[in-house]
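There are 2 protein chains.
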Amino acid sequence: MKNRLFLCPYRGLFLVLSGLFLFPTFGSAQTKEYQVDAQFIDKIYDQSLTDGRCYEWLEFLSLNVGHRLSGSPSAAKAVEWGKSMLDTLGLDSVWLQPCMVPHWVRGEKEQVKAIGSKKGNSFPMAALALGGSIPGKVQAEVVEIKSWDQLETLGSKALKGKIVFFNRPMDPTKIRTFEAYGGCVDQRVGGASRAAKYGAVAVLVRSVTLRIDDYPHTGTMIYDSLYQKIPAAAISTVAAEKLSKALKDDPALKVSMQLYCKTLPDEPSFNVIGEIRGSERPNDVILVGGHLDSWDVGHGAHDDGAGVVQCMDVLRVLKTLGYKPRHTIRCVMFMNEENGLRGGKAYAKEAERKGEFPLASIESDAGGFTPRGFSFEGEESVFGSFFDKLMTFQPLFEPYGLRFTKGGSGADISPLRGMKGLLSGYSPDSQRYFDYHHAETDTFDKVNKRELELGTASMAALVFLIDKYGL
Amino acid sequence: MKNRLFLCPYRGLFLVLSGLFLFPTFGSAQTKEYQVDAQFIDKIYDQSLTDGRCYEWLEFLSLNVGHRLSGSPSAAKAVEWGKSMLDTLGLDSVWLQPCMVPHWVRGEKEQVKAIGSKKGNSFPMAALALGGSIPGKVQAEVVEIKSWDQLETLGSKALKGKIVFFNRPMDPTKIRTFEAYGGCVDQRVGGASRAAKYGAVAVLVRSVTLRIDDYPHTGTMIYDSLYQKIPAAAISTVAAEKLSKALKDDPALKVSMQLYCKTLPDEPSFNVIGEIRGSERPNDVILVGGHLDSWDVGHGAHDDGAGVVQCMDVLRVLKTLGYKPRHTIRCVMFMNEENGLRGGKAYAKEAERKGEFPLASIESDAGGFTPRGFSFEGEESVFGSFFDKLMTFQPLFEPYGLRFTKGGSGADISPLRGMKGLLSGYSPDSQRYFDYHHAETDTFDKVNKRELELGTASMAALVFLIDKYGL
Chain A
1 MKNRLFLCPY
11 RGLFLVLSGL
21 FLFPTFGSAQ
31 TKEYQVDAQF
41 IDKIYDQSLT
51 DGRCYEWLEF
61 LSLNVGHRLS
71 GSPSAAKAVE
81 WGKSMLDTLG
91 LDSVWLQPCM
101 VPHWVRGEKE
111 QVKAIGSKKG
121 NSFPMAALAL
131 GGSIPGKVQA
141 EVVEIKSWDQ
151 LETLGSKALK
161 GKIVFFNRPM
171 DPTKIRTFEA
181 YGGCVDQRVG
191 GASRAAKYGA
201 VAVLVRSVTL
211 RIDDYPHTGT
221 MIYDSLYQKI
231 PAAAISTVAA
241 EKLSKALKDD
251 PALKVSMQLY
261 CKTLPDEPSF
271 NVIGEIRGSE
281 RPNDVILVGG
291 HLDSWDVGHG
301 AHDDGAGVVQ
311 CMDVLRVLKT
321 LGYKPRHTIR
331 CVMFMNEENG
341 LRGGKAYAKE
351 AERKGEFPLA
361 SIESDAGGFT
371 PRGFSFEGEE
381 SVFGSFFDKL
391 MTFQPLFEPY
401 GLRFTKGGSG
411 ADISPLRGMK
421 GLLSGYSPDS
431 QRYFDYHHAE
441 TDTFDKVNKR
451 ELELGTASMA
461 ALVFLIDKYG
471 L
Chain S
1 MKNRLFLCPY
11 RGLFLVLSGL
21 FLFPTFGSAQ
31 TKEYQVDAQF
41 IDKIYDQSLT
51 DGRCYEWLEF
61 LSLNVGHRLS
71 GSPSAAKAVE
81 WGKSMLDTLG
91 LDSVWLQPCM
101 VPHWVRGEKE
111 QVKAIGSKKG
121 NSFPMAALAL
131 GGSIPGKVQA
141 EVVEIKSWDQ
151 LETLGSKALK
161 GKIVFFNRPM
171 DPTKIRTFEA
181 YGGCVDQRVG
191 GASRAAKYGA
201 VAVLVRSVTL
211 RIDDYPHTGT
221 MIYDSLYQKI
231 PAAAISTVAA
241 EKLSKALKDD
251 PALKVSMQLY
261 CKTLPDEPSF
271 NVIGEIRGSE
281 RPNDVILVGG
291 HLDSWDVGHG
301 AHDDGAGVVQ
311 CMDVLRVLKT
321 LGYKPRHTIR
331 CVMFMNEENG
341 LRGGKAYAKE
351 AERKGEFPLA
361 SIESDAGGFT
371 PRGFSFEGEE
381 SVFGSFFDKL
391 MTFQPLFEPY
401 GLRFTKGGSG
411 ADISPLRGMK
421 GLLSGYSPDS
431 QRYFDYHHAE
441 TDTFDKVNKR
451 ELELGTASMA
461 ALVFLIDKYG
471 L
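Protein chains in written order, with the working numbering: chain A, 1 to 471; chain S, 1 to 471.
Looking at chain A on its own, in the form it has when it is part of the complex (with noise of 0.2 angstroms):
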């Protein structure tokens, strides 16, 4: 059986292949100074793993503030906790930061059911109306919609007096999930307004999720002000597929659908901000963020309590280990990411106004799963070509399994973005993401200890590394 056949026709590649995948472990161009940052990583996540307390603080956020819309009182709540534990870690300074955010509330248990014109095709759903809809009692036939095509193709003759059903899917087929829910949430965000235009009179919008299951899935949705509202709802994916099906067998189906939720005068709230001030360049400011309002269903666990207290252990951690910055690195804790981000731009004016420079921010808001990476986005203009420096970091994350991509970053951050500092999006594993956003099960219990804490670490060892660098 010896030197059997390797039949691999791309053999050019094996040539080049073999020696870069060698390549963690450097050979000759290790330097000493690579092996001092590689020691300090490893204390990193040795601090996390081992003394991290991020799990305990996103566990009272779950459970003692629960979820926390702005506006809400536990929104509040959610502040005065942030500051109080941010007091708790010796930064050099704690702080609110004001804004005023958008007050919705949802008011009554929403009741959409079916009402078949045949006997025994009525039905309750799940559902959930969306952040922003008007409220509003409806009863009318159904039109489900797939496409922005068929929309436009059927038009008000067909449409007008009807609610629109968007059950357009994720596709399943995209491994990174976040793609998949890109090719559907404009159906959440943007369908009311569409409708509404071809004189439809509530929609109901299949919940953004690829699981199959009964719980609604809530989100934004924004009015085009050239259009009447109408009330907008959110059902299960369970719900969305008995809805499909009944109306194939029964065409003159209405649903009823009752929506109590209301927009009341904007709140006063704020971001909480704590910094550990930088020896070199205090005004050259690394920041790690997260948001601390949610959806008002289940804790708001992985969507955005992980990130938060991700990023408030960050700055513990690094101070644990007695790292004395060279730029200032600062943790945010955004306030109304969800509808509205205000406390997203609420910060990049004040940072504007104080001429500071974000050298670097980092936003953690795609749950407290396990690390595979961050993406970059950056000026080359400021940076020159920032990707490839980036990349000589990469090796260092190659033990803990992280790679590191091109891509976008994170929405609390975005407003940054005329600034030309560098963005990155933590991004950890995204399989099980979707299953929990903005529904009842983005519970404390879905997120994992460990995986949790190594999000932690994997932050600080990049925010190390950049600060100990410069870019």
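Hints listed in this document are in silico derivations from the structure and should not be mistaken for laboratory results.
Keep in mind the model is a prediction, meaning the values are calculated, not measured.
Don't take each hint at face value.
It does not matter which identical chain is used: a pair holds within one copy or between any two.
In silico SDA-like pairs for lysine to any residue, Cα to Cα no more than 25 angstroms straight-line [unchecked claim]:
id, residue 1, residue 2
1, 43, 181
2, 174, 36
3, 446, 181
4, 43, 33
5, 32, 400
Use these hints to put chain S onto chain A, whose structure you have.
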């Protein structure tokens, strides 16, 4: 802010790296054949993610068969179920391969409690007899042991007539949890005899998990025939911490334990096997396998229901896509991985008798989590520099986030080592595995559908490439 200084001291690396990490796009090195393979692998993932059967199979195995320790009626039911599922797939042959297996039964619920010499220091402890333990009723003082050195140093003088409590925890700083497991499972497997050597009357072992909770984790233990057999049980990590603390306050504390387990005569059982016959080299076998037996708690969902349903689905996916293999592709559901490896040994013996060559054997026995890669062990005397050759496949797995490493494979396929084929372990993310391993909590609801299906696809893709190109 232009031309900001980049201070990286290991600038030499940068030059090497900057080219290196652009690699996944391949540039001119990307051959047409490579693209053909990438497209077929895409189809494999799409098939698994849109039409996968593994999750519904696992649901049935978990909820309708349940846990299935070797020799039990439910293990027999699992064999019957496995064969009946393979029979539906239109394979070239499906058969049962006999083997005799151990038959250990737990009996009534274990009773383990601390009896303080001081008032208020008594408490019950969540416990599970270790697989293979003798029954027994013991009440004795307790000696806590953290290392083998400590055990040897204490010796008979301190241990005679005592219950030895092995309380060395898993090391949370190991990023790969299997490494941490490897660092303390010796207490469970060999602790009883090593304590019996010094006259101990029973052992309690801290559950081999990183979680602190109240679920004990069982697992196999092996008596050394040189020493007296003594009863052995695992206690939950919560109980272990509590007992450790109580012993510090109250060294005269006793533990009373009663185990009802026993070993019955060996029972006949089976490996369940199905195959697609190879068109060119039918005697060269590419095996995908997992083990059908489990411990007698929970559902055995991650360990190893996940592995067996993935392996079945690998054959189904390839068949559904119309793939005609050159080599024989075989799914093996091994019996008795947990406490004897009798199925693995019977399989290897039969393969040798038939003069087969086990070209590549891939085992999935690390849970149904998101795929991270494969590890490989092989014989350079047979394959030459096999790992470098396999590395030419790795770029095809980049879009799916998998990396190849050299390393161990799986227990069931280890008896094939003498036949010098390639052995591979499918490596999903390991962070959550030991939370559930051998415990009441290893249930179907802990398995995520997409993560499971991605594993099926990853293995099918590797099988396809090895079949197409040989080794």
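Against the structure, the hints come out as follows:
Proximity of residue 43 and residue 181 under a CA criterion of 25 angstroms is satisfied inter-copy only: 21 angstroms between copies versus 36 angstroms inside one chain copy. With identical chains, the CA atoms of residue 174 and residue 36 are at most 25 angstroms apart between copies only, with a shortest distance of 19 angstroms across copies and 39 angstroms within one. Proximity of residue 446 to residue 181 under the C-alpha cut-off of 25 angstroms is found in both arrangements, the shortest distances being 20 angstroms within a copy and 23 angstroms between copies. For the identical chains of this complex, residue 43 and residue 33 are intra-copy neighbours only, at 15 angstroms inside a copy versus 45 angstroms across copies, given an alpha-carbon limit of 25 angstroms.
Only within a single protomer do residue 32 and residue 400 lie at most 25 angstroms apart by alpha-carbon distance; the minimum there is 20 angstroms, versus 34 angstroms between protomers.
No hint from the list above goes unmet by this structure.
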